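2 protein chains.
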Amino acid sequence: MKVSTIGTAVPQVTARSKVLGRAVYAGDMKIAGMLHGKVLRSPYPHARIVSIDVSAALALPGVKAVLTGADAPRAKWGVHHKERRILAEGKVRFAGEEVAAVAAITEEIARDALDLIQVEYEELPAVLTPEEGLDEDAPGVHDGRNNVSHEIKVEHGDVDAAFASADLVHEATYRCHAQYPGYLEPMATVATIDPDGRLQVWTSTQSAFLARARLSMALEIPVSQIRVIQATTGGGFGGKMVEDANNLIAGLLALRTGKPVRVVNNRLEDFLACCSSVPEQVTLKLGMRRDGTIVGKEVRIIAECGAYSGLSAEVMHVSAMRSDNMHRLQNLRSHSTLVYTNNPPHGAFRGFGGAQMQFALNSHIDTMARKLGLDPVDVHKTNAIRAGEVSIHGWKIGSSGLKECLDQCMDAIQWQAKRSAPRAAGTVRRGVGIAAAMHVSGNRTIGNWDGSTVMLKVNEDGRVMIHSAEAEIGQGSNTMLSQIVAHELNIPISHTHVVAPDTDLSPYAIGSLASRVTIAAGNAAILAARAAREKLFALAATTLKTTPDQLEIAEGAIRIREQPEKKATLAQIAALHIWRHDGEGLQVSATWDAKTEMHADVHGNVAPAHSFAAQAVEVEVDTETGRVTVVDSFVSDDCGKALNPLAIHGQTNGASVQAMGWALYEEMQLENGRLMNGNFADYTMPTADAVPMLRSGIVESIDPNGPYGAKGASETAILPGAPAIANAVFDAIGVRITDLPITPEKVLAGLRAKRAAEGDAVHA
Amino acid sequence: MKVSTIGTAVPQVTARSKVLGRAVYAGDMKIAGMLHGKVLRSPYPHARIVSIDVSAALALPGVKAVLTGADAPRAKWGVHHKERRILAEGKVRFAGEEVAAVAAITEEIARDALDLIQVEYEELPAVLTPEEGLDEDAPGVHDGRNNVSHEIKVEHGDVDAAFASADLVHEATYRCHAQYPGYLEPMATVATIDPDGRLQVWTSTQSAFLARARLSMALEIPVSQIRVIQATTGGGFGGKMVEDANNLIAGLLALRTGKPVRVVNNRLEDFLACCSSVPEQVTLKLGMRRDGTIVGKEVRIIAECGAYSGLSAEVMHVSAMRSDNMHRLQNLRSHSTLVYTNNPPHGAFRGFGGAQMQFALNSHIDTMARKLGLDPVDVHKTNAIRAGEVSIHGWKIGSSGLKECLDQCMDAIQWQAKRSAPRAAGTVRRGVGIAAAMHVSGNRTIGNWDGSTVMLKVNEDGRVMIHSAEAEIGQGSNTMLSQIVAHELNIPISHTHVVAPDTDLSPYAIGSLASRVTIAAGNAAILAARAAREKLFALAATTLKTTPDQLEIAEGAIRIREQPEKKATLAQIAALHIWRHDGEGLQVSATWDAKTEMHADVHGNVAPAHSFAAQAVEVEVDTETGRVTVVDSFVSDDCGKALNPLAIHGQTNGASVQAMGWALYEEMQLENGRLMNGNFADYTMPTADAVPMLRSGIVESIDPNGPYGAKGASETAILPGAPAIANAVFDAIGVRITDLPITPEKVLAGLRAKRAAEGDAVHA
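The listed protein sequences derive, respectively, from chains A and B. Per our numbering: the first sequence ends with 1504, consecutive numbering throughout. Per our numbering: the second sequence ends with 1504, consecutive numbering throughout.
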């Protein structure tokens, strides 16, 4: 009897503890003697720190430490550039930068102490836009260098000749803005010094091991002197990787006080401290043949990293190159420039740079298809790369369900009918839009390894502990691991338990990023479970006097397939695995590493699989108020194989809501570099009333490299939302919005411009 | 440059955290919302529980649970016999048995609540001595069976013929009493329910995995639903294995309240709840040839387990048989009977039954040697089994340093000079005594496995995490593991870290008992470290373009032995082990299992090695007060190879003090089954003023099965103390004390009896 849940809707194994309020987030933790940390942040986007007087703060009863840059290690931390200190010294480079940290016996006292710290600043001219940053006379955000943080240039084929041969060449510039990750749980850490003097850190993170590496770098202590345990993590969306200072500050305060210290961001602090997504200006030029074939592509990106580059260079890299692999492209030229400003830092965000470029590309294709009298869906299909092909950047496409995704969306939204239906008159117009996207499942460029190790322990009761340091951040990776192990061993999911990542104990893993966990850890889990089964079968074969190939696991027992009454329970065999000559606890470990390549320069097959998605929306545009409402949405995700459709629909729908937020509502409002709306009242994420009944579909393209064919699911689903909405707006009112978010003001301005142009045309 | 510390005096790796007060014992732990548990115990040695009324206790504000036997699982727990419930139901069988448990918000409230529990008992006739227990008409301690808990009969050769051929046959009966383990830290546990509903237990234990198994058995939940983490453990001495109910009660209260619950024994509770050593009456008959050769041995043991047998059957087994293996014995008959009484339970204790028998045997040899005009040391040497021989019970002796131990002791105490010196007249007499003993290093009979698994992780900084579930209980096992791993990898000890046992994460291990950790885990650590080195060398060979056999580890680097400038740091290679094609975190696991045998019936080579020890003491006996003072002591321990002489001297001296306590001072005073001296004021452990300058020596017999030749160290050293003192007392005053402890009353009675006998002789 097979009990597998693979392919069926499985509630998250973490659901019960969360629903019952039992899950322990770092902000829930209380340790005897624990102090509370708070951070003083710069009010200026760019200033010299003339002096800091902490004496009054230190004198406040209950304050145990007040640290400034002078008390922090000399080391600088960062990803692409090591350029940031835990606490600023000498200069601050954005409004919100960490200047001092307090530890006190209560959070209230710590907060009060912040007010008593006297900092004298000398304000410096600030760079507030990338354009300003690129000006030759601009002040330098970082000393001794200009404001270009990173550049990427790519060229393939002959773009000029391609454009010359094209039937239509179109160029436009698109702009998009930063989005705050908006997870429910702000960043939180409890750090303490263990009895042996080692730093022990519980933190909300997407990667315990990367967190440990960064703590080591920033605090200048060996990784072996640090233990990071992932606390229950209430969402990440890219924001809880290695760009925020929350756990560094908690660690520093613990080291300096010798006490447990909890640092929980409030929402404003989290807005200031976390990295929002990278704003980009994309100038896109495509050459197209009459049949929709794209013959040439030219891209210029100006991306803004803010004061510190973090992962922005890698994000821009994705913007610059990933969408190229979606098409059978031959001629390409791109030039991307990442610019420092004195704004809060940007970085990783769900989709990792894909959304920015896909907004431009899908808007552009829609425009050009209309000009050529083509259906943009056909243009996508015409150009779509196929399974078995190698893309312009050397990506080997093992599977693609893009066409099926597009077809699902067209069906669901009634594409043909609604596009061709006559538009009703009146002030409220409807339109439909569609967009397509691709994403990676894994990425070798993280460091020439894209593997994962899963360790299994089969206990004496025949149940299985699963050890992996890939992070459950709400996306369902623990459920995926439990499903796979349960499937391979044919045991109930309830007989598996995934142990939280702990760098002292878990096998090394990169963590939850680049949609890599299902493919990397999923494959490792299959290998580990099969290794465990092999050990169980070898021992059971001796016990049952047969050969391993005659055995099966069913109903809690290992039995001879053809003589099921001949059996031993899993518990018996697991116990016997210990209690015998040359015994040992049944523990196996398996690693799977993608057969991918570090790209040489920018060329190479970096990901073992690629997920595709498409989304169709119908919008209603109120031409009097300019308000855009998404009235219907269908997003289709090619996840290779849906290991857990329930989880995939959930993640896919969540992604599409986040895309709607970015497209229509969410915008971090800066005035002179200062964030004006760092709270959920003023930073308007889409609430239930702004979202239609969410619909989503799954395409199973069965990837040859995926576990049972699965690829990373649903991150791709955030990519097509914004351009689908922009295309639907155009469909509704004929106005092309190239500048996100699509606010009522921009819609009204577009309508006015359109009417003016039409008037001009009439009057011409 | 070799940095090894093997064979040198190494401070304990756990010392710093303990000396600084940073080590976290279970009693130090505070968890938010934690309740405090207290236990109501039976005041009667034997009674029927007529009724329990908990209503008043439950009504006390702050009380969260009051549990009785009716609230506890139906399961019974135990080692040899499953006969004990977590909380008594129906009957109590000893004064101190757990009847009810309270959880309250403070310890004070919990204590107050105990007073409000109304228990009506109907007292039953109690069995208070083994003799009573063996009476045909005795009340049964357990229903449906007589009071014989266990019997062991062994016979080899022809004992009667041997006695007939002997030049001297001597029989005597020896009695010894229970000793309380007297660790500094009473038993303590914090139990909580984790967010997934699993029971999580931090407890002071000698074995996290055996604790988990027992929690599973007693609480009737699968082992996989339980996580046991060993808290810092302040001594065990056999008392923290699987016989006390402390962590069961904490677990039960946590399960029933859903809250964290801490249960810390106070000293009286610990006296009542823990198992003291097994009191035995040993009747020993030896036949000896004129030259001291033992030709026949007959043993009858009546041992008392108290109300529940726990590990007493196994302890009696050791008493019955272990000392036989010390000699080249051929004719042997023994009959041992374990008897239930209504006294508090007895069980495992440092030496595990060896001390009881060695007291009899060494006293007996001393007596017979004197009768034959021999030096008892020569008798020991004449009969001593040699390396390479197989003992009467099938034990294969790989190494023995017994003769060297005896020689060390003789030299140190000036044996020949002092024995032959004329005794000074006066009321204070001096005498010297010596005794010899053997012990096992490991014991397969625990369950047909006597192995250990050690897992190592080499971090990216080239430092090593050591995972083992063998328990550091103060004896130094963590230091031993660190030394071995550091030695094999030629890195500083400070670059190793032993992670505390955690059943979710550590590889399976049996724990710290039977002096098995050095040999089992030590050998596993060697294998694991070599496996790690092999992986490092394989990778470094590629990097350095050489072959692994050309490489060495030195000064933090892997280098070509003959070209030391060609090198890569350990950190570089460890990082490269991850960050490359088919990489993974460097993690290895190795298991070592002893090549021993489960004994068939009672015959078999159960231990991979055997440690020997001898002790010589000089005592002063005040013939007016009867007081015996040890004025000099030298104990010599054959530990195979002294991996850490500092630790061995410490453990050896500790053992000899505990032996002095047992021989002279410590005695649990029962009146009608009730303990009268359950505190350190009335239970007189030897304090500094009662102990001479402790001297100890080491013999390195280099065992073929031991890591670098090492065997279990220093447990043997508790065995010869009591008989050495008894022999010295005889040497001083001619009085043979056969009944421990050697109190002034017994000495004076002995002197009176001796004078009476001498008077009789004169008058005859």
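Errors might be hidden in some of the hints.
As the list claims (entries may be wrong) - Among the chain B residues that face chain A by a calculated CB cut under 7 Å, a handful are:
1) GLY761
2) ASP936
3) LEU959
4) THR997
5) LYS999
6) THR1193
7) ASN1199
8) GLU1200
9) GLY1325
10) GLN1327
11) VAL1328
As the list claims (entries may be wrong) - List of simulated lysine-lysine pairs, DSS-like, C-alpha gap at most 25 Å:
12) LYS1306(B) with LYS1285(B)
13) LYS1335(B) with LYS1275(A)
14) LYS770(A) with LYS1494(B)
15) LYS770(A) with LYS1111(B)
16) LYS758(B) with LYS770(A)
17) LYS999(A) with LYS770(B)
18) LYS999(A) with LYS758(B)
19) LYS1335(A) with LYS1275(B)
20) LYS758(B) with LYS816(B)
21) LYS770(B) with LYS1275(A)
22) LYS1025(B) with LYS1494(B)
23) LYS999(A) with LYS1025(A)
24) LYS1143(B) with LYS1111(B)
25) LYS1136(B) with LYS999(B)
26) LYS1275(B) with LYS1285(B)
27) LYS1158(B) with LYS758(A)
28) LYS758(A) with LYS770(B)
Since the hints were derived computationally from the structure, they do not count as laboratory data. Fair warning: this is a prediction, and the values are worked out from it, not measured in the lab. No residue lacks a Cβ here, since even glycine has one placed at the ideal position from N, Cα and C.
Query raised in the report: Are LYS999(A) and LYS758(B) close enough, with their CA atoms no more than 25 Å apart?
Result: 17 Å, holds
Query raised in the report: For the hint on VAL1328(B), does the least C-beta distance to chain A fall short of 7 Å?
Result: Violated. Min distance 9 Å.
Requested in this report: Below or equal to 25 Å on CA atoms is what counts here, so check LYS999(A) against LYS770(B).
Outcome: 14 Å, holds
Query raised in the report: Taking the closest Cβ pair, is THR997(B) under 7 Å from chain A?
Result: 14 Å, violated
**Report entry** Hinted pair LYS758(B) and LYS770(A), Cα distance within 25 Å
**Finding:** It holds: about 23 Å lies between the C-alpha atoms, which stays within 25 Å.
**Report entry** Given hint LYS1494(B) paired with LYS1025(B) - CA-CA distance at most 25 Å
**Finding:** Judged against 25 Å, a Cα distance of about 23 Å means the pair holds.
Query raised in the report: Can ASN1199(B) be said to touch chain A, with a Cβ gap under 7 Å?
Result: It holds, given that the least Cβ distance between ASN1199(B) and chain A is near 5 Å, below 7 Å.
Report task. Let me know if the C-beta of ASP936(B) comes in closer than 7 Å to any C-beta of chain A, holds or violated. Result -> Status holds, d = 5 Å.
**Report entry** Distance restraint between LYS999(A) and LYS1025(A), which requires alpha-carbon spacing of 25 Å or less
**Finding:** Distance ~58 Å between LYS999(A) and LYS1025(A) Cα, so the pair is violated.
Requested in this report: Under 7 Å, Cβ to Cβ, is where THR1193(B) needs to be relative to chain A, so tell me if that hint holds or is violated.
Outcome: 5 Å, holds
Query - 25 Å limit on alpha-carbon distance, applied to hinted pair LYS758(B) and LYS816(B) - result: 37 Å, violated
Query - Residue hint GLY761(B), partner chain A, criterion CB-CB below 7 Å - result: Cβ of GLY761(B) sits 9 Å from chain A, so the hint is violated.
This entry does not satisfy hints 1, 3, 4, 5, 11, 14, 15, 20, 21, 23, 25 and 27, going by the numbered hints stated previously.
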